[in-house]
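Novice: The residues making up each chain are set out below.
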Amino acid sequence: MDYALFRAINNLAGHWPWLDGLMRLLVNEYFVPTSMALLLVIMWFWGRDEKERAYYQRTVILAALSLITANIVLKGINLLYFRPRPFDTHQVNLLFYKPWDSSFPSNPATTGFSIAVAVALQEPIWGIPFLVLAFLFGFSRIFCGVHYPSDVLAGALLGTLTAWLYFKFSYKLDKPIAFVRCWLKKFCLA
Amino acid sequence: MPPLLNFVTPALTLKYFSLCFLAITGALQIVAGKRGIEGLSLFPASFHFWQLFLGLILIAGSFALFFAITPEVFTPGLAGSELIILFGCGGIASLLFTLAIAEVRGRNSFSPTVPDAEEELPGGKVALFGGNPGESLDFCLIPDPWEPFSLDSLARRLADSGYKAAVLHWPSIPDYEAALGFPALALEKYKARTLIGYRAGGNIALRLALGSGVKAIAIAPFTKAEEAEPGLSWLEESGILTAWKRLRGRKKLIEELLPLQTPPDSIIISPEQGIKPWRMLLDEGTIRSVAGKILREGTGDKGLSPR
Numbered sequence: 001m002d003y004a005l006f007r008a009i010n011n012l013a014g015h016w017p018w019l020d021g022l023m024r025l026l027v028n029e030y031f032v033p034t035s036m037a038l039l040l041v042i043m044w045f046w047g048r049d050e051k052e053r054a055y056y057q058r059t060v061i062l063a064a065l066s067l068i069t070a071n072i073v074l075k076g077i078n079l080l081y082f083r084p085r086p087f088d089t090h091q092v093n094l095l096f097y098k099p100w101d102s103s104f105p106s107n108p109a110t111t112g113f114s115i116a117v118a119v120a121l122q123e124p125i126w127g128i129p130f131l132v133l134a135f136l137f138g139f140s141r142i143f144c145g146v147h148y149p150s151d152v153l154a155g156a157l158l159g160t161l162t163a164w165l166y167f168k169f170s171y172k173l174d175k176p177i178a179f180v181r182c183w184l185k186k187f188c189l190a
Numbered sequence: 001m002p003p004l005l006n007f008v009t010p011a012l013t014l015k016y017f018s019l020c021f022l023a024i025t026g027a028l029q030i031v032a033g034k035r036g037i038e039g040l041s042l043f044p045a046s047f048h049f050w051q052l053f054l055g056l057i058l059i060a061g062s063f064a065l066f067f068a069i070t071p072e073v074f075t076p077g078l079a080g081s082e083l084i085i086l087f088g089c090g091g092i093a094s095l096l097f098t099l100a101i102a103e104v105r106g107r108n109s110f111s112p113t114v115p116d117a118e119e120e121l122p123g124g125k126v127a128l129f130g131g132n133p134g135e136s137l138d139f140c141l142i143p144d145p146w147e148p149f150s151l152d153s154l155a156r157r158l159a160d161s162g163y164k165a166a167v168l169h170w171p172s173i174p175d176y177e178a179a180l181g182f183p184a185l186a187l188e189k190y191k192a193r194t195l196i197g198y199r200a201g202g203n204i205a206l207r208l209a210l211g212s213g214v215k216a217i218a219i220a221p222f223t224k225a226e227e228a229e230p231g232l233s234w235l236e237e238s239g240i241l242t243a244w245k246r247l248r249g250r251k252k253l254i255e256e257l258l259p260l261q262t263p264p265d266s267i268i269i270s271p272e273q274g275i276k277p278w279r280m281l282l283d284e285g286t287i288r289s290v291a292g293k294i295l296r297e298g299t300g301d302k303g304l305s306p307r
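Protein sequence lines, in the order shown, are assigned to chains A and B.
Position one of the first sequence corresponds to residue 1 (this note's numbering), numbered consecutively onward.
Position one of the second sequence corresponds to residue 1 (this note's numbering), numbered consecutively onward.
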């Protein structure tokens, strides 16, 4: 079923140049992560008053922690289990270079969802653009032939789980977050 | 053992750093324009539309340029940790650049309003607008000691409306005794009918009005000591170096001036009412709204006419 779904999505590649171009824009390591990071920068400064700023900045810090933690877990999984890429074992429509690391779980999906879900759980309206970017990031990896759907799903689940754990136990981080903000406030940056 | 970080090629590193620098500068312009943060603005406060426009252009342009000149995006390139480091460096560089430009721009845009006359008193200088030394005044204006010229433009406006006004200037940041002593002396000499104070000056005006029976108008006085603590809101008023300078010793004086005691005849104009008095140097619209409110509420119902 995983391969069938991969085929269905990957077979869309090569038919419409505009769609290929869009997916090639989304699939690389630069566009989506940089866009998400920019949104986090805007969110950091967005609050109208101290209360709103504290809330948004807490969200940004939790998203960053979620990203770091999810990536550490991902590296651990990569050390324990290696899955070949789709292009290693099948004929695929490849629109991207051939990554050499493990296909499972998808690193871009983990990265995207660990940030997007962390933001969406705290601030659903802000979460929408993040979730859209994370979804497109994952989808484009299948479309361009570098991940199976199950890789992306596992990455999304790993990112979501990490973000949810930070959301659930965020009260335990109140003091460190307050410390970071207090330190940045001295420089008028929080 | 492979290196911990692999920046692939210097050209790719430089291109991605430039993308981050330009895009983050654009993002900062969007928030500065949207939230009115002077200390992050590359343009004066009245150019908010252009700030938003510039912000969007910088973000879209930097992405377009990066993808146009970087064919390496479709070959093995920078990984997560390298991207995070370069984004952080680009962010720091962009922040330093923006803060520096905003600081220089803020200083250059400052042009003090020239008073009609000045008089030295023990503890400070009285800048007179529409009056002469020794004459009784309609308004005595007490600025925040950290922003000594913040009420000069308002005083000029009052003088243009036919009132006699004076602004009190301390020679340096005062301690508690000097903060109250010099205005009390000026009030005794000039017999002002109404005191107008801004921020810490508002607290001082309310204190003086308690003992003297003079009417006080306090613009955004401090209601809690935490308001004097550093934070992003300080960049709404000025560049970062100016903000740091202003913050020195501030909390102690504010704590001494609290709790806020409100004389029965006083008027408190809080920033929550939509007025940002610190824009009085920068924004003609706010000068009109603050001066209009003061003239209406400070003179209207009591029939205060120019002397």
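Don't read these hints as lab results, they were simulated from the structure.
One thing to keep in mind: the hints can contain errors.
What the hints assert, rightly or not - Using 20 angstroms as the maximum straight-line C-alpha spacing, the simulated PhoX-like pairs for lysine-lysine come out as follows: (1) 224(B) - 189(B); (2) 251(B) - 185(A); (3) 224(B) - 185(A); (4) 186(A) - 191(B); (5) 51(A) - 34(B); (6) 185(A) - 191(B); (7) 245(B) - 186(A).
Claimed, not checked - Per the computed footprint, the stretches of chain B lying under chain A, defined by three or more beta-carbons under 8 angstroms from a beta-carbon of chain A, are: (8) 18–30; (9) 173–184.
Unchecked claim - To list a few chain B residues with every Cβ distance to chain A over 12 angstroms, as calculated: (10) 43; (11) 62; (12) 72; (13) 78; (14) 81; (15) 95; (16) 99; (17) 107; (18) 123; (19) 189; (20) 191; (21) 236.
Note that the structure is a prediction, hence the values are computed from the model and not measured.
From the three backbone atoms N, C-alpha and C, an ideal C-beta is built for every residue, glycine too.
Novice: Confirm or reject each hint.
Specialist: Hints versus structure:
1. Only pairs whose Cα atoms come within 20 angstroms are accepted, and residue 224(B) paired with residue 189(B) is rejected, the gap being roughly 31 angstroms.
2. Straight-line distance between C-alpha atoms of residue 251(B) and residue 185(A) comes to about 14 angstroms, which keeps the hinted pair within the 20 angstroms bound.
3. Distance restraint check for residue 224(B) and residue 185(A): the Cα-Cα separation of roughly 17 angstroms lies within the 20 angstroms cut-off, and the hinted pair is therefore satisfied.
4. A C-alpha spacing of about 41 angstroms is found between residue 186(A) and residue 191(B), which places the hinted pair above 20 angstroms, so the restraint is violated.
5. Taken as a hint, the residue 51(A) and residue 34(B) pair is honoured in the structure, with Cα atoms around 18 angstroms apart against an allowance of 20 angstroms.
6. For the proposed pair residue 185(A) and residue 191(B), the alpha carbon gap of about 42 angstroms is over 20 angstroms, so the pair is violated.
7. Only pairs whose Cα atoms come within 20 angstroms are accepted, and residue 245(B) paired with residue 186(A) is accepted, the gap being roughly 12 angstroms.
8. With 7 residues having a beta carbon nearer than 8 angstroms to a beta carbon of chain A, the stretch 18–30 of chain B meets the requirement of three or more and the stated coverage holds.
9. Counting residues of the stretch 173–184 of chain B whose C-beta lies closer than 8 angstroms to any C-beta of chain A gives 0; at least three are required, and the coverage claim is violated.
10. Residue 43(B), annotated as away from the interface, keeps every beta carbon of chain A farther than 12 angstroms; the closest lies near 16 angstroms.
11. The beta carbon of residue 62(B) sits about 9 angstroms from the closest Cβ of chain A, which is not more than 12 angstroms, so the claim that it is off the interface is violated.
12. Separation of residue 72(B) from chain A is inadequate, the least Cβ-Cβ distance of about 10 angstroms not exceeding the 12 angstroms criterion.
13. Listed as outside the interface, residue 78(B) is inconsistent with that label: its C-beta sits roughly 6 angstroms from the nearest C-beta of chain A, within the 12 angstroms cut-off.
14. Residue 81(B), annotated as away from the interface, has a beta carbon of chain A within 12 angstroms; the closest lies near 9 angstroms.
15. The Cβ of residue 95(B) sits about 8 angstroms from the closest Cβ of chain A, inside the 12 angstroms cut-off, so the non-interface label is violated.
16. Listed as outside the interface, residue 99(B) is inconsistent with that label: its C-beta sits roughly 9 angstroms from the nearest C-beta of chain A, within the 12 angstroms cut-off.
17. Separation of residue 107(B) from chain A is adequate, the least Cβ-Cβ distance of about 16 angstroms exceeding the 12 angstroms criterion.
18. For residue 123(B), the shortest C-beta to C-beta distance to chain A comes to about 31 angstroms, beyond the 12 angstroms cut-off, and the non-interface label holds.
19. Taking the minimum C-beta to C-beta distance to chain A, about 39 angstroms, the non-interface status of residue 189(B) holds against the 12 angstroms cut.
20. For residue 191(B), the shortest C-beta to C-beta distance to chain A comes to about 40 angstroms, beyond the 12 angstroms cut-off, and the non-interface label holds.
21. A cut-off of 12 angstroms between C-beta atoms contradicts the statement that residue 236(B) is not in contact with chain A; the least separation is 10 angstroms.
Violated hints, listed in ascending order, are 1, 4, 6, 9, 11, 12, 13, 14, 15, 16 and 21; each of the other numbered hints is respected by the structure.
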